[in-house]
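Taken in order, these protein sequences are the chains called A, B and C. Residue numbering for the first sequence follows this note's numbering, starting at 1 and increasing by one per position. Residue numbering for the second sequence follows this note's numbering, starting at 326 and increasing by one per position. Residue numbering for the third sequence follows this note's numbering, starting at 632 and increasing by one per position.
I should point out that these hints are in silico values taken from the structure, not numbers from a laboratory. Please note that the accuracy of each hint is not assured.
Unchecked claim - List of simulated lysine to aspartate or glutamate pairs, EDC-like, C-alpha gap at most 20 angstroms:
(1) Lys-388/B / Asp-347/B
(2) Lys-338/B / Asp-377/B
(3) Lys-242/A / Glu-558/B
(4) Lys-221/A / Glu-204/A
(5) Lys-242/A / Asp-522/B
(6) Lys-18/A / Glu-781/C
(7) Lys-242/A / Asp-523/B
(8) Lys-404/B / Asp-154/A
(9) Lys-262/A / Asp-240/A
(10) Lys-400/B / Asp-124/A
(11) Lys-18/A / Asp-56/A
(12) Lys-404/B / Asp-290/A
(13) Lys-263/A / Glu-300/A
(14) Lys-262/A / Asp-293/A
(15) Lys-157/A / Asp-124/A
(16) Lys-626/B / Asp-602/B
(17) Lys-400/B / Asp-154/A
(18) Lys-262/A / Glu-300/A
(19) Lys-221/A / Asp-533/B
(20) Lys-136/A / Asp-90/A
(21) Lys-18/A / Asp-783/C
(22) Lys-366/B / Asp-522/B
(23) Lys-221/A / Asp-760/C
(24) Lys-60/A / Asp-293/A
(25) Lys-591/B / Asp-355/B
(26) Lys-388/B / Glu-415/B
(27) Lys-60/A / Asp-124/A
(28) Lys-263/A / Asp-290/A
(29) Lys-242/A / Asp-533/B
(30) Lys-387/B / Glu-415/B
(31) Lys-626/B / Asp-523/B
(32) Lys-591/B / Glu-558/B
(33) Lys-387/B / Asp-347/B
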Amino acid sequence: MEIVCPAGTPAALRAAVKAGAHTVYCGFNDETNARNFPGLNFDRAEMREGIRFAHDHGSKVLIAINTFPRAGAEGIWHDAVSDAASAGADAVILADPGLLAFAMQNHPDLRRHLSVQAAAANSDVINFYARCFDVKRVVLPRVLSVAEIAAINDQTKVETEVFVFGGLCVMAEGRCSLSSYATGLSPNMNGVCSPASHVDYHDEGDTLAVRLGGYTIHRAKPGEPAPYPTLCKGCFATQDQKGYLFEDPVSLNAEQLIPQLKKAGVTALKIEGRQRSRSYVAQVVRNFRDAVDALEEGRELPAGMLARLSEGQAETTGAYRKIWR
Amino acid sequence: MHLTVGPNQFFWKPDPWSALYDELARIAVDRVVIGELICSKRLPFYQDRIPDAIETLLAAGKKVAVTSLALVTLKRERKMTAELAGLGAELGVEVEVNDLTALAMLPEGTAFSVGPMVNVYNEGTLAWLASRGATRVCLPPELPLASVAALCQHARGLGVAIEVWGHGRLPLAISGRCYHARLHGRTKDNCQFACEDDPDGLTVDTLDRQPFLAINGVQTLSDTYANAANQIEALREVGVSGLRLSPQSTGFARLCHLFRQRIDGKTDAAALVSGLDEIARGMRLSDGFLSGVAGADWTGKPLQPL
Amino acid sequence: MFQVPVAIPTFPKLPARALGVVPLGPISMALSAFAKQVARRHPALFRRLGDHAHARFILDPTDLPLVMRLEPNGGAPRVTLLRHPDGGPDGGPDGGPDGRDARIAGPLAALLGLVHGAFDGDALFFSRDLLIEGDTGAVLALRNAIDDAELDLAAELGAISGPLRQPLERLIALAEGATGVALSRHEEEFA
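Assemble the whole structure, with the sequences as input and the hints as a guide.
Now the structure itself:
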């Protein structure tokens, strides 16, 4: 199975490649990609250099251009696709039908993957994207169980890529405007979710109040982990209950499900975390590469190595096990 | 400008459900979108009433569309979606696509409309949808006026009518997980229809007890009711042809009437807003997506010209 | 395959107290000169800071009686050491965050480990070994820019030390071994 690894910086790309990534995904340093964070991503020269480095070491590079182009400014996104093609990217990861149409028309030889941001959650719509835009691979939304993934693979020739580690969206990606409701900045339009610019950690004596856009969505006592205030993982209150109404501050680790995902026909395993450090990327990549190598060679999977790197230091197998719903 | 009543986002008992459409047949709205948008498990409870409701609405001269689900994953849901095209044809109404799965299943050349859950953010996507047969698009509520204006301009050349969110709790997110069931310590498969007790969704507060969001099964909405009372002139000027009102359990017919008055120039924004307060006291409003910084903002002011 | 330190080492108390009395002016000047040297050798670091290249950062090693004010200044960085007024963690009138600043606090070893790629910033933050206050966006930009620069402060120091380079490197290696603090760049695979 192919390991698809995140790189937010050229240094992280090199670290991922050296740690054994078959494939690295990254984005340009603008609003065209869904991790448009301060200090992150690649300018055009860095992208060309990064692709050269990866290719020299036998790894592939995918460029995520997976936000939705802004009306009146589509040129920025079109340029990103064209520059990805000329930089020698092995594929672009797109979500917007208009941009897919542009890419197919203007760069027919540039391989197209359907981003998780398109929230294509069944084989009918996946095959439709393949018919319309000749997409070769789909990144599946994180709302599906292993059985559903297997059913999808039975009914499509499009390769499937699934998330196995890192941050976990509990909402259908690309269909969520919680962030822009609270802050004005959204994943779809600005490439950010719960942006750092709107985060406030406020010391309230013995507790730490965590706010996003002025909304207090977490309070941590001393010694408790301090999760980043991502809206869907915040702590909320209803009339008679208080807690993580949407999702606990956990991150995804489907390491132990790799054999089942392989059996379900999955082509590639994706690691989330373009915003994480090169040290994180190297450790996670090495771990997952060991796991798939072990699987290919019929050895037992190494386990339980990654807990401390996780958000809130707790993990879940997410929707892959049906009980999650 | 026309008024469209969007699909009911919530789970109502069959009688109030039917009563809504009987009432809509009698009042001055132009279009009604009917059917289940959020959760396929709800549909069997009122499915048999849909043909009658459609017939009543058509007889009253309303344009009617049937909506697809907003997120199609299960086999049952794919089947439902596949049957939608046939149902629409049989009842003489068009399909409102709220997940591209529904478009995948429409016979090529069928005219259809597009709902706010489909990501139409730019001219390229609008043109692609028009080339597949889209005649009307209700834009995602997240879009600011500048985007609405650019899309309207492009839509004219394509012969597509543009609609925007006029009033109602905003559909902010959809998930595979049911939050009503989670809140009650149940799984989605064994939800026992907990969402039925909250006909306008269940309000969710921040830890400072500030009302913030609302949950509705697998859907997350805003606590505020987004309201375009102050932006109607600006929207008309950029070429928006319709407003969408989302059903709520109290005073909805009155609310539609107030919007009709406002669109026809018989009342101003302030009168509409104070009229809404009479319908449901304490209903918090927002207009931030169209004219503010964040979606939750309430500017209460007309938009500055672009 | 990777080692997580069971505990992040803290600076020994006695020399920490000594730092409470030494004059900070000359050290600040030396650190500024050092920072300018790093800036010359890593211009991309400041490019990557983008809009935040003129932010003000307070780096607060919680096991030392002082804080460091870092002003990237668009590529001409300045470093100023400031004392806690009463040994408390909060910088004081001219050293503390004033709302516009970004403050990063944690054991010196955690801060150095971050620079050298020995630790992941998010992981340290989630475990609350690091605390962030003020302009979170600026902190993120700094973290990402430093991570990409693959800095090695020991090598940087060596580069300006001329004939003292070799003994200095030996001293640093010795200190790393004795304290468990990342004083030089770590290869990611073994981090």
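Hints, verified against the model:
1. Taking the CA atoms of Lys-388/B and Asp-347/B, the gap is about 14 angstroms. The hint holds against a cut of 20 angstroms.
2. Proposed proximity of Lys-338/B and Asp-377/B is supported: the alpha carbons are some 16 angstroms apart, at most 20 angstroms.
3. Proposed proximity of Lys-242/A and Glu-558/B is contradicted: the alpha carbons are some 42 angstroms apart, above 20 angstroms.
4. Restraint check for Lys-221/A and Glu-204/A: the C-alpha separation of about 10 angstroms stays at or below 20 angstroms, so the hint holds.
5. Only pairs whose Cα atoms come within 20 angstroms are accepted, and Lys-242/A paired with Asp-522/B is accepted, the gap being roughly 19 angstroms.
6. With a C-alpha separation of about 15 angstroms, the suggested pairing of Lys-18/A with Glu-781/C holds against the 20 angstroms cut-off.
7. Between the alpha carbons of Lys-242/A and Asp-523/B the distance comes to roughly 18 angstroms, so the proposed pair stays at or under 20 angstroms and holds.
8. Simply put, Lys-404/B and Asp-154/A have alpha-carbon atoms about 17 angstroms apart, close enough for the 20 angstroms limit, and the pair holds.
9. As the CA atoms of Lys-262/A and Asp-240/A are separated by approximately 43 angstroms, the hinted pair breaks the 20 angstroms bound.
10. Simply put, Lys-400/B and Asp-124/A have alpha-carbon atoms about 10 angstroms apart, close enough for the 20 angstroms limit, and the pair holds.
11. The hinted pair formed by Lys-18/A and Asp-56/A meets the criterion: a straight-line CA distance of about 11 angstroms does not exceed 20 angstroms.
12. Between Lys-404/B and Asp-290/A the CA atoms are separated by roughly 41 angstroms; this puts the pair beyond 20 angstroms, and the hint is violated.
13. For the given pair, Lys-263/A sits about 16 angstroms from Glu-300/A by alpha-carbon distance, which is consistent with the 20 angstroms threshold.
14. Between the alpha carbons of Lys-262/A and Asp-293/A the distance comes to roughly 12 angstroms, so the proposed pair stays at or under 20 angstroms and holds.
15. The hinted pair formed by Lys-157/A and Asp-124/A meets the criterion: a straight-line CA distance of about 12 angstroms does not exceed 20 angstroms.
16. Note on Lys-626/B and Asp-602/B: the hinted pairing holds, with a Cα-Cα distance of about 17 angstroms set against a maximum of 20 angstroms.
17. Using a Cα cut-off of 20 angstroms, the hinted pair Lys-400/B and Asp-154/A holds, with the two alpha carbons roughly 13 angstroms apart.
18. A threshold of 20 angstroms between alpha carbons decides the hint, and for Lys-262/A with Glu-300/A the separation of about 15 angstroms falls inside it, so the pair holds.
19. Note on Lys-221/A and Asp-533/B: the hinted pairing holds, with a Cα-Cα distance of about 16 angstroms set against a maximum of 20 angstroms.
20. Our distance criterion of 20 angstroms between C-alpha atoms is met by Lys-136/A and Asp-90/A, whose separation comes to about 12 angstroms.
21. For the hint pairing Lys-18/A with Asp-783/C, the CA-to-CA distance comes to about 19 angstroms; that is within 20 angstroms, so the pair holds.
22. For the given pair, Lys-366/B sits about 15 angstroms from Asp-522/B by alpha-carbon distance, which is consistent with the 20 angstroms threshold.
23. Restraint check for Lys-221/A and Asp-760/C: satisfied, since their Cα atoms lie roughly 14 angstroms apart, inside the 20 angstroms limit.
24. For the proposed pair Lys-60/A and Asp-293/A, the alpha carbon gap of about 18 angstroms is at most 20 angstroms, so the pair holds.
25. With a C-alpha separation of about 18 angstroms, the suggested pair Lys-591/B and Asp-355/B falls inside the 20 angstroms cut-off, and the hint holds.
26. Between the alpha carbons of Lys-388/B and Glu-415/B the distance comes to roughly 15 angstroms, so the proposed pair stays at or under 20 angstroms and holds.
27. Between Lys-60/A and Asp-124/A the CA atoms are separated by roughly 29 angstroms; this puts the pair beyond 20 angstroms, and the hint is violated.
28. Taken as a hint, the Lys-263/A and Asp-290/A pair is honoured in the structure, with Cα atoms around 18 angstroms apart against an allowance of 20 angstroms.
29. Among the hinted pairs, Lys-242/A with Asp-533/B is consistent with the structure: their alpha-carbon atoms are about 11 angstroms apart, no more than 20 angstroms.
30. For the suggested pair Lys-387/B and Glu-415/B, the alpha carbons sit about 17 angstroms apart, so the restraint of at most 20 angstroms is met.
31. Proximity of Lys-626/B to Asp-523/B is assessed by CA-CA distance (about 31 angstroms); at most 20 angstroms being required, the pair is judged violated.
32. For the given pair, Lys-591/B sits about 13 angstroms from Glu-558/B by alpha-carbon distance, which is consistent with the 20 angstroms threshold.
33. At roughly 12 angstroms between alpha-carbon atoms, Lys-387/B and Asp-347/B fall within 20 angstroms of each other, so this suggested pair holds.
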